[in-house]
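Let chain A serve as the given structure and place chain D on it in line with the hints.
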Amino acid sequence: MAINIRMRGKAKGGVAEVKALIKHEMESGVRMNKKTGKPYPAKFINNVKVTVNGVEAVNSDWSGAVSANPYMAIMLNANSGDEVKISLTDNTGDTGEETLKV
Amino acid sequence: MKRRSFLKGTLATGAAAVAVNAGLLTPSTVLADWNAKAFAAKTTDDALNSVYGSAAAAASGDIKLKAPAIAENGAVTPVTVDATSMSGVESIAIMASKNPMPLVCTYNFGAAAQGYVSTRIKMGETMNVIAIVKAGGKLFKAEQEVKVTIGGCGG
Chain A
12 MAINIRMRGK AKGGVAEVKA LIKHEMESGV RMNKKTGKPY PAKFINNVKV TVNGVEAVNS
72 DWSGAVSANP YMAIMLNANS GDEVKISLTD NTGDTGEETL KV
Chain D
107 MKRRSFLKGT LATGAAAVAV NAGLLTPSTV LADWNAKAFA AKTTDDALNS VYGSAAAAAS
167 GDIKLKAPAI AENGAVTPVT VDATSMSGVE SIAIMASKNP MPLVCTYNFG AAAQGYVSTR
227 IKMGETMNVI AIVKAGGKLF KAEQEVKVTI GGCGG
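As they're listed, the protein sequences go chains A and D.
Residues 12 to 113 (this note's numbering) make up the first sequence, in order.
Residues 107 to 261 (this note's numbering) make up the second sequence, in order.
Isolated chain A (complex conformation) (with noise of 0.2 Å):
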C-alpha cells in the first residue's frame, strides 16, 4: 500500500526549509494488546530518503518511536525549481514517494 506523505517548501536565497506529513500509524511492536496480552505488531516506517535533483540529501532510519503521522521538517541547499523527493519505506515493505518543486 502506497503511503501518503504530503510536502510544503519553497526555495530562498538557496535554502528551502522542506516540511513533510506522512499519513502512517506507526506501531512500534511494543504497546500490548490488553485482551490477548500480546504486543501489537510492529510496523512503522524504519528509512526515509530525500534527494534534491536525483542527488541524495537525507538518509534517514526511524524507530517505532517517532510519532504516528510523522511530522518531520529538514533544510537543504536548494534552488527555487530544484525538485526535493521524498521516499520511504516502512518495516513490511510498503513504500511511498512524493516530489515538489520548491
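Relax, there's no trap hidden among the hints.
Here are the simulated DSSO-like cross-link-like pairs (lysine-lysine), alpha carbons at most 30 Å apart as the crow flies:
{"#": "1", "chain 1": "D", "residue 1": "Lys244", "chain 2": "A", "residue 2": "Lys30"}
{"#": "2", "chain 1": "D", "residue 1": "Lys170", "chain 2": "A", "residue 2": "Lys60"}
{"#": "3", "chain 1": "D", "residue 1": "Lys204", "chain 2": "A", "residue 2": "Lys45"}
{"#": "4", "chain 1": "A", "residue 1": "Lys60", "chain 2": "D", "residue 2": "Lys204"}
{"#": "5", "chain 1": "D", "residue 1": "Lys172", "chain 2": "A", "residue 2": "Lys96"}
{"#": "6", "chain 1": "A", "residue 1": "Lys21", "chain 2": "D", "residue 2": "Lys170"}
{"#": "7", "chain 1": "A", "residue 1": "Lys60", "chain 2": "A", "residue 2": "Lys23"}
{"#": "8", "chain 1": "A", "residue 1": "Lys30", "chain 2": "D", "residue 2": "Lys172"}
{"#": "9", "chain 1": "D", "residue 1": "Lys253", "chain 2": "A", "residue 2": "Lys49"}
{"#": "10", "chain 1": "A", "residue 1": "Lys60", "chain 2": "D", "residue 2": "Lys172"}
{"#": "11", "chain 1": "D", "residue 1": "Lys170", "chain 2": "A", "residue 2": "Lys23"}
{"#": "12", "chain 1": "A", "residue 1": "Lys60", "chain 2": "D", "residue 2": "Lys148"}
{"#": "13", "chain 1": "D", "residue 1": "Lys170", "chain 2": "A", "residue 2": "Lys112"}
{"#": "14", "chain 1": "A", "residue 1": "Lys112", "chain 2": "A", "residue 2": "Lys30"}
{"#": "15", "chain 1": "A", "residue 1": "Lys34", "chain 2": "D", "residue 2": "Lys143"}
{"#": "16", "chain 1": "D", "residue 1": "Lys143", "chain 2": "A", "residue 2": "Lys49"}
{"#": "17", "chain 1": "A", "residue 1": "Lys23", "chain 2": "A", "residue 2": "Lys112"}
{"#": "18", "chain 1": "A", "residue 1": "Lys96", "chain 2": "A", "residue 2": "Lys23"}
{"#": "19", "chain 1": "D", "residue 1": "Lys148", "chain 2": "A", "residue 2": "Lys34"}
{"#": "20", "chain 1": "A", "residue 1": "Lys60", "chain 2": "A", "residue 2": "Lys112"}
{"#": "21", "chain 1": "D", "residue 1": "Lys172", "chain 2": "A", "residue 2": "Lys34"}
{"#": "22", "chain 1": "A", "residue 1": "Lys54", "chain 2": "D", "residue 2": "Lys148"}
{"#": "23", "chain 1": "D", "residue 1": "Lys247", "chain 2": "A", "residue 2": "Lys60"}
{"#": "24", "chain 1": "A", "residue 1": "Lys54", "chain 2": "D", "residue 2": "Lys172"}
{"#": "25", "chain 1": "D", "residue 1": "Lys204", "chain 2": "A", "residue 2": "Lys34"}
{"#": "26", "chain 1": "A", "residue 1": "Lys45", "chain 2": "D", "residue 2": "Lys148"}
{"#": "27", "chain 1": "D", "residue 1": "Lys170", "chain 2": "A", "residue 2": "Lys96"}
{"#": "28", "chain 1": "A", "residue 1": "Lys23", "chain 2": "D", "residue 2": "Lys172"}
Hints were generated in silico from the structure; no laboratory data involved.
Chain D alone, transformed into the frame defined by chain A:
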C-alpha cells in the same frame, strides 16, 4: 525501463520472501541497511556505540535543541535539532533516555542538506531528550528534560 526495474524489484523481493519463509534469512538480515542492533539497544551508550562506534560525545552549546519543558501528550513531543551553526555536520541522532529502546531516529546528511531536523517523537515518561550531532568526525550532544504528563506508549 520502468517496467523492467519493476519486474526486477518484484522478483528480488519475491526471492527474499521465499528465503525468509524457508528460514534461510532472519528478517534482520533482510533489513541489513536498517541498524537493528542500534535500535534494539536498551541504553543510550549501547545505541551510540552501534551507530557511531563511540559513545563519547562532548556537550556543545552550538546545538540548539528545542523541546517543550512540559509535554501534555508524550506520544507527540515536538523536537527540533538545529546544528546549522556548526560546520561539517554529517549526522544527527535523537534519543529519549528512558524509552525501552532509546534511539528514536538517525539522520545522515549529504552535501545538499544542512544540519537541521524537526520531528515528533513518543516518550513514555518524564525523561531527557538527547540530540547527538556528528560534525567533522566528532560527536557532540545536547540534552533537555521533558516532563511528560501523559505517556506515549499505550499507558
